[in-house]
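Residue numbers (the numbering used here), protein chains in the order written: chain A, 100 to 551; chain B, 100 to 551.
No copy is singled out in the list; a pair is fine if it fits within one copy or between any two copies.
Below are the PhoX-like pairs computed for lysine-lysine, each with C-alpha atoms no more than 25 Å apart in a straight line:
id : residue 1 : residue 2
1  : K345      : K472
2  : K345      : K537
3  : K195      : K141
4  : K123      : K458
5  : K158      : K123
6  : K253      : K518
7  : K253      : K516
Bear in mind the hints are in silico, worked out from the structure with no lab data behind them.
2 protein chains.
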Amino acid sequence: MKNEHFLDSFLRPKSVALVGVSQKTGRGTFNILENLMNFGYKGEIYPVNPNASEILGFKAYRNVQSLPKVLDLAVIMTPRDIVPEIVEGCAERGIKGAIIITEGFGEGDDEGRCLQGRLDDAVVSKGIRILGPNSIGVVNSFHDFSSAFIPLPKDLARVALISQSGGFFEGFPDCPFGKGIDLGNTSDVNFIDAISYFEKDDDIRVIVLYMEGIRNVQEFMGTCRRVMSSKPIIAVKGGRGESGSKAAASHTGSLGGKDGLYRAMFRQSKILQVDSIAAVGDIARAFLYLPPFTGNRVAVITPTGAGGIVTLDSIEDHGLQPAVLARETIDGIADLFQPWTDVGNPVDILSAGMAQGYKHVYTKVLESCLNDKNVDIVVSVCGVYTLKTTKAIVTKYPEKPVVVWIPGADQSFIAEKAKRYDFEPYYLSPDRALYALKMVREYYKQRINNHP
Amino acid sequence: MKNEHFLDSFLRPKSVALVGVSQKTGRGTFNILENLMNFGYKGEIYPVNPNASEILGFKAYRNVQSLPKVLDLAVIMTPRDIVPEIVEGCAERGIKGAIIITEGFGEGDDEGRCLQGRLDDAVVSKGIRILGPNSIGVVNSFHDFSSAFIPLPKDLARVALISQSGGFFEGFPDCPFGKGIDLGNTSDVNFIDAISYFEKDDDIRVIVLYMEGIRNVQEFMGTCRRVMSSKPIIAVKGGRGESGSKAAASHTGSLGGKDGLYRAMFRQSKILQVDSIAAVGDIARAFLYLPPFTGNRVAVITPTGAGGIVTLDSIEDHGLQPAVLARETIDGIADLFQPWTDVGNPVDILSAGMAQGYKHVYTKVLESCLNDKNVDIVVSVCGVYTLKTTKAIVTKYPEKPVVVWIPGADQSFIAEKAKRYDFEPYYLSPDRALYALKMVREYYKQRINNHP
Numbered sequence: 100m101k102n103e104h105f106l107d108s109f110l111r112p113k114s115v116a117l118v119g120v121s122q123k124t125g126r127g128t129f130n131i132l133e134n135l136m137n138f139g140y141k142g143e144i145y146p147v148n149p150n151a152s153e154i155l156g157f158k159a160y161r162n163v164q165s166l167p168k169v170l171d172l173a174v175i176m177t178p179r180d181i182v183p184e185i186v187e188g189c190a191e192r193g194i195k196g197a198i199i200i201t202e203g204f205g206e207g208d209d210e211g212r213c214l215q216g217r218l219d220d221a222v223v224s225k226g227i228r229i230l231g232p233n234s235i236g237v238v239n240s241f242h243d244f245s246s247a248f249i250p251l252p253k254d255l256a257r258v259a260l261i262s263q264s265g266g267f268f269e270g271f272p273d274c275p276f277g278k279g280i281d282l283g284n285t286s287d288v289n290f291i292d293a294i295s296y297f298e299k300d301d302d303i304r305v306i307v308l309y310m311e312g313i314r315n316v317q318e319f320m321g322t323c324r325r326v327m328s329s330k331p332i333i334a335v336k337g338g339r340g341e342s343g344s345k346a347a348a349s350h351t352g353s354l355g356g357k358d359g360l361y362r363a364m365f366r367q368s369k370i371l372q373v374d375s376i377a378a379v380g381d382i383a384r385a386f387l388y389l390p391p392f393t394g395n396r397v398a399v400i401t402p403t404g405a406g407g408i409v410t411l412d413s414i415e416d417h418g419l420q421p422a423v424l425a426r427e428t429i430d431g432i433a434d435l436f437q438p439w440t441d442v443g444n445p446v447d448i449l450s451a452g453m454a455q456g457y458k459h460v461y462t463k464v465l466e467s468c469l470n471d472k473n474v475d476i477v478v479s480v481c482g483v484y485t486l487k488t489t490k491a492i493v494t495k496y497p498e499k500p501v502v503v504w505i506p507g508a509d510q511s512f513i514a515e516k517a518k519r520y521d522f523e524p525y526y527l528s529p530d531r532a533l534y535a536l537k538m539v540r541e542y543y544k545q546r547i548n549n550h551p
Numbered sequence: 100m101k102n103e104h105f106l107d108s109f110l111r112p113k114s115v116a117l118v119g120v121s122q123k124t125g126r127g128t129f130n131i132l133e134n135l136m137n138f139g140y141k142g143e144i145y146p147v148n149p150n151a152s153e154i155l156g157f158k159a160y161r162n163v164q165s166l167p168k169v170l171d172l173a174v175i176m177t178p179r180d181i182v183p184e185i186v187e188g189c190a191e192r193g194i195k196g197a198i199i200i201t202e203g204f205g206e207g208d209d210e211g212r213c214l215q216g217r218l219d220d221a222v223v224s225k226g227i228r229i230l231g232p233n234s235i236g237v238v239n240s241f242h243d244f245s246s247a248f249i250p251l252p253k254d255l256a257r258v259a260l261i262s263q264s265g266g267f268f269e270g271f272p273d274c275p276f277g278k279g280i281d282l283g284n285t286s287d288v289n290f291i292d293a294i295s296y297f298e299k300d301d302d303i304r305v306i307v308l309y310m311e312g313i314r315n316v317q318e319f320m321g322t323c324r325r326v327m328s329s330k331p332i333i334a335v336k337g338g339r340g341e342s343g344s345k346a347a348a349s350h351t352g353s354l355g356g357k358d359g360l361y362r363a364m365f366r367q368s369k370i371l372q373v374d375s376i377a378a379v380g381d382i383a384r385a386f387l388y389l390p391p392f393t394g395n396r397v398a399v400i401t402p403t404g405a406g407g408i409v410t411l412d413s414i415e416d417h418g419l420q421p422a423v424l425a426r427e428t429i430d431g432i433a434d435l436f437q438p439w440t441d442v443g444n445p446v447d448i449l450s451a452g453m454a455q456g457y458k459h460v461y462t463k464v465l466e467s468c469l470n471d472k473n474v475d476i477v478v479s480v481c482g483v484y485t486l487k488t489t490k491a492i493v494t495k496y497p498e499k500p501v502v503v504w505i506p507g508a509d510q511s512f513i514a515e516k517a518k519r520y521d522f523e524p525y526y527l528s529p530d531r532a533l534y535a536l537k538m539v540r541e542y543y544k545q546r547i548n549n550h551p
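With the rest of the complex left out, here is chain A (with noise of 0.2 Å):
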């Protein structure tokens, strides 16, 4: 962390206060303490609860305004009525942030609304921030510090997730998250807040939101345009149809808006916008795992010609271009096929792999393909036998993106091997490779446009 930022307290708290934690512990109690334990926290725990002296082995105080320190974060989880002078008594007591967990506030009735008005004054008037309400709050592996009621599995993706629920701190298909910040009703740190946090964070290198609704709209964008010259953002819009925005509106009492409002936002901003959750893992470990790149001409190699054919068919699809091998390319590698074979590309190596070996003849058209200036990116269908093959080979070309599809049926067993051979940019469909190489390019491309 290059600088020091206010939300430091609320992602990597030395002291923490736990107000209206549960005595009660076990499967089914979503009791935090014991989650934050069992995360691995570091940091001095205190316990808020004025019917306990002790919570798990951790003295435990009546209220805030007996805790024996200044802290760095109060978590909030009481009934909704007391939360405000909660805050207020956090404020007083020195402490810098607060996440409420606790709900029925903007999104609920007007009785709720009333106490988040409350809420908002305690930011300006004492100065305290505040994440929610009705937030999960905060997961960051990196630090072993978690404020979720449920279990959350631990890893260090450096892929961050701005979120307004907590709901997909689990992470999505094939896209864990390393950190997560919880907005929810986002009544004071805000979209912008969290995307600055992160740009700064070296352990960081993609941010995912999950937007229902948005303020300050200029500044949000101006924001992203900066962070997006060093970190890609990709964004979820949740609530884009007509009865998803109604939703949105009682979840975290977000304005979704017009759907073609959101999208031109995005587009401006050159934020990737995905319809799908299934697509952000796709791109995010395209970012993390490829080389830079702005071509946008594919060579493919194959074992299958069908293999080939969809993958074109891919190609196509998202706007990118079947490569035209160059000739020094096809006259190097024709000698590996039968004469009346006219090698291109795709190059179909199943014929020649089977009568002059498949490692021998695989090595060589890979590592031709990597050296042909025609070629930008060049996709391998390849089994999971090839897997150890092709790895050995990308190392040698760190500049060119190579990205695996392994056709099959057990995704499990695929994974399996895709990480017992460390081959992390490998897909599960060309659709999906193609289009995570499509909106990987686009990035890079807007990237040097804008820093020539």
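Starting from the known structure of chain A, fit chain B onto it as the hints suggest.
Same frame as chain A, but now just chain B:
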């Protein structure tokens, strides 16, 4: 199998000659005999190889003429020049069918096209049926038979693949195939034959096509319309784009033609066309594990507001409708929620579950939705630990489709839990679940319209 069909001798032969099988065995030798033994084939095997007296314990024959009896099938993998005379020899020996694995025919050079012409002659004049050439042949896990030269996983999935490539015999993502036919260059056995075969095959409930090109369009469409009255057909068209279409011509000698024409053909035949192979398994599993349905009103049960919102977005994206829960449904579950909660669809059950026991609340809400006449489909956003409860409930309501979206990053973990609780209709993102539901509904609507 209800009636005899000539493809029986291909898919469940009682005896098979392997013509041109090598003496080399072991890893990397692509030995069909070895694969067939490993696949557990229980029929008679006759290797034909003039240079061997015995292969893997089986007596080898000099040529097809010297085979000791009439066989169901010959699998031919010799050099291309002698394939036509071998096929003629097979026909004269009374063998009913031949799979030609050898490549370099219609998809190759002039000589190849000439050789394929001789194969056509043999079909016409001698009555032998040919699968291929340039085909990996067939796989049939239900009868332990595979002509593939690569090891294939065995899976009793009730989904059949009819393909112009063997490259997909290993399955599409999350979509193993219990039976497969690779038509290769389609010189004789074609899509119509194979579709008609699986129409009558009680092992098979869903038919998947991978098509590069087709002739006999009218007959194909008529056949598909007939078959679709009992079984759904899902199609992936390879070579949709310009470059893919060219590659298909050199892959199987197919005339791909304009994408629009194929789209129209599939639409008119009511075939479910998908552009991403990743969607095939999603749809097939919905067919296999959900009851038929034609309604479009979807109720969503979720432990996170955001999960409900992105599900609503997917519902609208795919042309379905959020259900409006009946008054009595809402009244029946209202006491589970905080008084300020506006109970509706999606039903967000987290707070109620935390307060009153998650299983209790979830069970009551899910059963209420299943009993609601305004609800046609239920999507449950469901942690892995709720799968067991879900399974128990849906078993009691066999007539209403329930799918589960399991959020999280670790797909292997999710797959393992779903397997443990024997819960098949689960999806890794709402987008994928709703797309599958949309396609399946289209099929049943069509079927009802055609057969009132």
